[in-house]
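Can you make the complete structure from the sequences, with help from the hints?
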Amino acid sequence: MQLLKYDVELRNVNKKFGTINAVDNLDLNIKQGEIFCLVGPNAAGKTTTIKLILGILKPEKGDTNIRVKGFNIPAEKKKLRKIMGYLPQRKALYDMLTARENIEFFAKAKGLSNSDAKINTSAMIKRLSLTEHQQKLAVHLSGGTQQRTALASAMVNNPQIVFLDEPTVGLDPVLRREFWEYFKQIARSQNTTIVVTTHYLNEAEWADRVGVMRDGKLIAIETPQKLMEQTNQHNMENMFFELIKGETQ
Amino acid sequence: MRLTFLIMKRLFRTLSRDHRTVGLVVVAPALFMVMFGIAFGGEIEHVPIAIINNDSDAEVVITYGIFIVFNETVSSLGDSITNTLDLDDPRVDVTHLTDYESAKKEVDNKKYACAVLIPVNFTYNLVSPQGSNISLEIYFDNSNPQVGGVVIQAIQESFQQATGEFRANLGFDVTYAYGKDISTLDFFTPGMIVYGVFFFSFMLVIMTLIEERRSGTLSLLLQCPYDKIEIILGYLAAFSIVSTIQTTLIILIAGLVFQVSLGVTIANYISLYIAAIIVGWTGLVLAIFLSAFARSEFQAVQFIPITIIPVLLLSGIVIPLSQIPEIIRWVSYLLPTTYSVDLLRQIAIEGYVLEPLNFGLLFQISFVLMLVVASRLTLKEN
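Respectively, the protein sequence lines represent chains V and U. Residue numbering for the first sequence follows this note's numbering, beginning at 1 and increasing consecutively. Residue numbering for the second sequence follows this note's numbering, beginning at 1 and increasing consecutively.
Be careful, since some hints might not be right.
[Stated by the list, open to error] Heads up, incomplete: computed chain U residues facing chain V, CB under 8 Å, no partners named:
#  : residue
1  : His19
2  : Ser215
3  : Gly216
4  : Thr217
5  : Leu220
6  : Leu221
7  : Leu222
8  : Pro225
9  : Ser332
10 : Tyr333
[What the hints assert, rightly or not] Restraint-style ranges between C-beta atoms, simulated for each label pair:
#  : chain 1 : residue 1 : chain 2 : residue 2 : range
11 : U       : Val353    : V       : Gly18     : 54 to 60 Å
12 : V       : Ala43     : U       : Leu377    : 47 to 53 Å
13 : V       : Glu60     : U       : Leu377    : 19 to 25 Å
14 : U       : Ser16     : V       : Ile119    : 54 to 60 Å
15 : V       : Gly18     : U       : Asp18     : 16 to 22 Å
16 : U       : Asp18     : V       : Ala43     : 20 to 26 Å
17 : V       : Thr223    : U       : Leu233    : 45 to 51 Å
18 : V       : Lys58     : U       : Ser366    : 29 to 35 Å
19 : U       : Thr4      : V       : Asn232    : 57 to 63 Å
20 : U       : Leu377    : V       : Lys118    : 33 to 39 Å
21 : U       : Thr244    : V       : His140    : 26 to 32 Å
22 : U       : Tyr226    : V       : Lys58     : 15 to 21 Å
[Claimed, not checked] Below, computed lysine-lysine pairings styled on DSSO-like, alpha-carbon distance capped at 27 Å:
#  : chain 1 : residue 1 : chain 2 : residue 2
23 : V       : Lys108    : U       : Lys228
24 : V       : Lys82     : V       : Lys118
25 : V       : Lys126    : V       : Lys184
26 : U       : Lys380    : V       : Lys79
27 : V       : Lys217    : U       : Lys380
28 : V       : Lys31     : V       : Lys78
29 : V       : Lys118    : U       : Lys228
30 : V       : Lys77     : U       : Lys380
31 : V       : Lys245    : V       : Lys69
32 : V       : Lys79     : U       : Lys228
33 : V       : Lys108    : V       : Lys77
34 : V       : Lys78     : U       : Lys228
35 : V       : Lys16     : U       : Lys380
36 : U       : Lys380    : V       : Lys58
37 : V       : Lys77     : U       : Lys228
38 : V       : Lys77     : V       : Lys58
39 : V       : Lys82     : V       : Lys108
40 : V       : Lys79     : V       : Lys58
It is worth saying that the hints were derived from the structure and are not from the lab. Yeah, the Cβ is synthetic: ideal placement off N, Cα and C, and Gly gets one too.
Dropping the structure here:
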């Protein structure tokens, strides 16, 4: 097994849908324990990148260009899934299960024993303030509570690497802030690697590093502060438009 | 009226952009009517029967008082009847046998629909004034009354035609191998179990899987550290219980409300449940496989004309296979439900107890295994 410097490494990864290059010659390193945020307009390739790393999609040139530290991919794909968490764009919950049942189901599906699944579920319910909603059917929960339940389901196995695809979409600013505080807390306390995609550019400021994608290409990758300095901007939104402008010219 | 017009225009515009729907609008009714027409337009033909003809030409002595008027040789009526059935009647295919007891066993084994014994001196007894009354023995499988009725009619017509004026002293002694007191409901209920269990398994599973895919839970399941086959097996296990509940309901309602008996012994009922669960599996694996090709519940419904309708019309549920024209009968033999219907009828009507090497059972299990493997390949997030 090759020793990797980074937790996740992508080298010259390509993905086409028909004639469109959804991901175009992508080189990307994600460090252990960092919160890495992928930003970009619609159809920039953010979700495709996450799906490529997770193995949901196959890259054009085979799996060998995507590596995760400590795992021989694709041979150890299943082993890797035990330590990974994933929150898809949609609120992936079973409507007719309660919030608790949903979280516990995914804990067990991730390979936890029955007793560990119960313990972790209770811990996640407490951590994400779901106590008063835990016995409600998912279909009867508000959008924000559904998203918290979905996040709890993604994190219930205490994953070492988590991929969160637009986890804060549709949430109010208070809840968005709560989510990011939670991401920071687990990244710092458990050394969890967190990869987040978002449309909300101001959120990207809370990440350790930001990758800016456009048309399947990674056009910049740096800490939020350095990106703002490089573009002489004071906020992420302006930084983003400055970068895009530069790319277009 | 403005909104009515707008809605109509919008519906046509959106429907015309969904090519599959356009196909459905045109192809579905055409396909349905063609299948319906072909299936119902045929006649029951080529039903295999066995005839044991021990008859021979007869020397008939015609007397008047104590005077012999004349001797006459009458050609064997048995030969005439056999030839009529063999050469001129498309409803039956005649096999000539010599031993009635072994022919009866073949009827028990479903090789022939009936065995007819034309006895020694049949012609003599029928036409000679010295002849005695004859009772013609027929050993008869009436487990499918639609087919049975046609076979008995063919046999009786041929005897009546051949014996003409002499038929007054001819009787039919019919012994039933299966289905002596069978009612229409007795006959159709096993088929309805197949249809009900298949239909609900198929529809419930395809809808559930599309919902799993649409909601994103399938993505999460596919990210779990298990093989995809476990997702399929989970569905199989759950819907086995659903099939059992459905079968129980049908048995209870058929038995308690309509006095239909679907078995005699516990072994019969166990066989019935096993066969019904396997029917559920066939619907389920087909649904899992096809769900990969439908993005919405609306598209799932579009599979009905190519799945549920052929099952109803071509599996022998309402139309006997021998009535389905040969040009389309091969489709029947490819449908696992054809074997399910046959198996459930054998169990419910004939008291058959399932054996592991039953061809129908093996065909259905092979179908399930084949589609489980195919579904494992097609079960993807998108």
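TODO: Compare the distance between the alpha carbons of lysine 380 of chain U and lysine 79 of chain V with 27 Å, and conclude whether the hinted pair is satisfied.
DONE: With Cα atoms ~19 Å apart, lysine 380 of chain U and lysine 79 of chain V stay inside 27 Å; holds.
Open item on the list: Given a hint of 45 to 51 Å, does the C-beta separation of threonine 223 of chain V and leucine 233 of chain U actually sit inside it?
Closed with: holds (47 Å)
Task: C-beta pair glycine 18 of chain V, aspartate 18 of chain U: status relative to the range 16 to 22 Å that was hinted - done: For aspartate 18 of chain U against glycine 18 of chain V, whose Cβ atoms are near 19 Å apart, the range 16 to 22 Å holds.
Open item on the list: Tell me if the straight-line CA distance from lysine 126 of chain V to lysine 184 of chain V falls inside 27 Å.
Closed with: holds (17 Å)
- [ ] Please work out if lysine 77 of chain V and lysine 228 of chain U have their alpha carbons no farther apart than 27 Å.
- [x] holds (13 Å)
Task: Range agreement (Cβ of isoleucine 119 of chain V with Cβ of serine 16 of chain U, hint 54 to 60 Å) - done: Between serine 16 of chain U and isoleucine 119 of chain V, where Cβ atoms are some 55 Å apart, the hint holds.
Task: Verdict for aspartate 18 of chain U, alanine 43 of chain V (Cβ pair) under range 20 to 26 Å - done: Since the Cβ atoms of aspartate 18 of chain U and alanine 43 of chain V sit about 23 Å apart, the hinted range of 20 to 26 Å holds.
TODO: Sort out whether lysine 228 of chain U lies within 27 Å of lysine 79 of chain V, counting only the CA atoms.
DONE: holds (14 Å)
TODO: Using the beta carbons of lysine 58 of chain V and serine 366 of chain U, state whether their distance is inside 29 to 35 Å or not.
DONE: The hinted range 29 to 35 Å holds for lysine 58 of chain V and serine 366 of chain U, with Cβ atoms some 31 Å apart.
Open item on the list: Would the hint on serine 332 of chain U be counted as holding, given a Cβ-Cβ threshold of 8 Å to chain V?
Closed with: With a closest approach of 38 Å, the serine 332 of chain U hint is violated.
Open item on the list: Check whether the Cα positions of lysine 108 of chain V and lysine 228 of chain U lie no farther apart than 27 Å.
Closed with: holds (16 Å)
Task: Outcome for the supplied range 26 to 32 Å, where the beta carbon pair is threonine 244 of chain U and histidine 140 of chain V - done: holds (31 Å)
Hint compliance for this structure: hints 1, 9, 10, 12, 31 are not met, and every other hint is.
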